[in-house]
Amino acid sequence: MDLAEQLRNIGIENISSSPSQMYCYCTDASQIRGMPECVVRPRNTEQVSDIVKFANVNGIPLVARGAGTGMAGGAVAVKGGIVLDMSGMDRIISVEVENLQVLVEPGVVHSKLNEVLKPQGFFFPPDPGSSEMCTLGGLIGNNGSGMRSVKYGTTRHYVLDLEVVMADGSIIHTGSKTLKSITGYDLTGLMVGSEGTLGIITKALLKIHPLPKARSVMLASFETAEMAGEAVVRTLASGIVPSACEILDSTTIQALKSYDPQLDLSDAGAILLFEVDGTSGAVREGIETIKEVCSSLSFHTKAAKDTAEAERIWSARRMVGAAISRIDPKRTRVYAGEDIGVPIKEIPLMLSHIHKISEESGIPIMIYGHIGDGNLHTGMAIDLLDSAQMETVNKIADRIHRTAIMLGGTVSAEHGIGAARAEYVRMEKGNALDVMIAIKKALDPKGILNPGKMGV
Amino acid sequence: MVSSDQSPELGSVLKCVRCGTCRSVCPVFEEFGWESKTARGRMLLAQGLIRGELEPDQEMIESLSMCTTCGICEQKCPAGATPPKVVQSARQQLVQKGNATSAQLQMYTRAAETGNPLGETANRKQWIDEESEEQKNSEYVYFVGCLGSYRYPELARKTFRILEQLGVALLEDEKCCGSPIMRTGFDAGEFVSHNLDQIRKSGAHTVITSCAGCYNTLKKDYPDEFNVMHVSEFLAEHLDELDLKRLDLTVTFHDSCHLGRSHGVYDAPRRVIEAICDLKEMKSIKENARCCGGGGGVRTGYPELSMKLSRKRLAEVPDNVDYIVTACHLCRNNLIEGGSEHEVIDLVDLVCLAID
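Protein chains in written order, with the working numbering: chain A, 1 to 456; chain B, 1 to 356.
Hints in this document: simulated from the structure, not taken from any laboratory.
Backbone N, C-alpha and C define an ideal beta-carbon position, used for all residues, glycine too.
Where hints are given, some of them may not hold.
[Claimed, not checked] If you anchor each label on the Cβ, the simulated ranges turn out as follows:
1) B:SER102 / A:HIS209: 53 to 59 Å
2) B:GLY264 / A:ALA442: 57 to 63 Å
3) A:LYS305 / B:GLU30: 33 to 39 Å
4) B:GLY167 / A:PRO19: 54 to 60 Å
5) B:LYS97 / A:SER387: 26 to 32 Å
6) A:PRO19 / B:GLU281: 41 to 47 Å
7) B:GLU237 / A:PRO119: 41 to 47 Å
8) B:GLY264 / A:ASP168: 53 to 59 Å
[Said to hold, decoys possible] With a straight-line cut-off of 30 Å between C-alpha atoms, the simulated DSSO-like cross-links for lysine-lysine are:
9) A:LYS213 / B:LYS312
10) B:LYS220 / A:LYS112
11) B:LYS280 / A:LYS305
12) A:LYS302 / B:LYS85
13) A:LYS330 / B:LYS308
14) B:LYS286 / A:LYS118
15) A:LYS112 / B:LYS312
16) B:LYS280 / A:LYS112
17) A:LYS330 / B:LYS76
18) A:LYS118 / B:LYS280
19) A:LYS203 / B:LYS312
20) A:LYS257 / B:LYS219
21) A:LYS118 / B:LYS283
22) B:LYS283 / A:LYS305
23) B:LYS76 / A:LYS112
24) A:LYS257 / B:LYS85
25) A:LYS330 / B:LYS220
26) B:LYS283 / B:LYS308
Hey, can you work out the whole structure from these sequences and the hints?
Right, dumping it as structure tokens:
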């Protein structure tokens, strides 16, 4: 009896095991592949619990998946088994503005939550580029963040409580309905970013934030990316905390213009996009200070003329990762070595290392990302039919990862470790990985939850 | 490994970076939630077919056949992928492998036998007014289309009455443009050759059509030997000659995917409407307009799905309008069948109301 049939026998519905459907679930945005035996789209926590119990008794791998927008293979069934497509559990259960919180199911799409919160004057601050499609479950599982993390932090800062189905099928709550609680170990913090290796999130209580009264966007153009990097170090040291601080290098600028030809961006070596939010006075003052700090390094600064232009810039910026594919019709953007983070003062050095790696390998590497928190995204577009190029890309990614670690940085600041970066966890974390492995063994002794990920 | 020379389609398939943006816009995915029903899923299925890693199964056939080819995925795709083209090409492979659905096979057989996918055996020109004096040679010809000829003869009459005043002729022997045949993966070469001969014989430099499907096909799938205009574009160019009276009406306009997103014809129908009455836009318009669910063979193959999509589009109609105006027969029919509370009329119907 096949796996789907066995699940049906215990009352589970919404199952597919057709080869075509499995093929559609065998990957995410990474180059990692793994064919599940079946995919289930559960409707509630009890169903998830029943499936997990079944998988645990029978030692079957179980992989939770949101929208499959991950870039490290986190939601790919590299050891086969069952994929739990959680995107159907997509209810916003309650919005309690008075308590500064919302209760959601994991399949809610990020932008949908903010659409609901906006009329009430609130927002959920983590702001991933994939806002329109990624699910909150995926965002929590990866501790994702995005463009506004320089001021508002990562998803971890906004999770108050999680309902989690543990590997034995038991259901726990990790946190509290209060905004602060120190009772017991911080299991919420442990689950956030654990990529489905410790439990399956079935509900999340999230903290929300009042929308700022004003926002303003400024663009500063530089001759080189290194000069832009230096400007970021100086800006942050000046005491200003922008709500976003993004870098676009020259190739990224081209990709953005190709995606939206109406964008008014100068042909610079690099552009910094700053956003400042708060009261209108604070915003004005913040923008002036940034302008002043950048003036000795940039050759041009300009402010977005209105909210519409600012929104246009941000929506194009959100899509730039994929838009790199537009530059050459025969090339496709691949995600590898694309999410490093370094301490802020190391940014200029990291940038020059990336340029050197690019020159030596002969593959253009474009740079964009959340430079304000030291998180740089690199982008490479290659001919996917040329296996030699793919090999070169993997070598480049390896060098980028090792360089980031050497500078005291991280191989993934927000996209996730998954299978693509699992080999670097030991290198970055040392014997802390042994503690992680011990936790994994304690919570999931049979190793059914997302096996083959995170080095555990 | 299959090279791009062996399969030029593979290049298009590989443009998809699987970012999932299409999940946020595909109207069919919204109804099902399974990955196979997204544009990203369809791109993967096409890849599996090309690489020989997948054999057609029920899921694949359904996924590829359920795409309305509305093109909003292509519009939104940051990577520049072209899923509707890939879907059409994958459908061709399904047909070659003998995996067309019964609805698709039936449609193709009818078209091969009668020259139209509706299977109508009557004279294609039976809609023409007896008093109408058919012009033979003109620089402009009206391509009526199968729906105009057989399903909406009154609309075809109205359209031609206006067009013939402006010097437009008819083809001597028109057949189906080939659209439904090609979109479902069959070879429409014979239809294209036949109509092409007819157009050449007419001496016309411009073909005018009132069907968005014909427009899309004549423009994309025929050799670039003649201009193609939608009737809305032609009427917008001749507004001064139409002597239209102003009507005390407020209407909304539904953008057809094959006219709008496929070819950017957004302003011409709006210019015609605004010359006659007030226009109140729907919730999503122009390049972001939601599909009515009628295209890509979905209306025939999956009527229940088609009606769900139609109802979602109808939910975007603004309050206090007198009519929903479309410039596509298929959209008009689908919005009516979706249970529109408002009368759904063609742009030409509106023009006729404004002509004394």
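Which hint numbers doesn't this structure obey?
9, 10, 12 and 13
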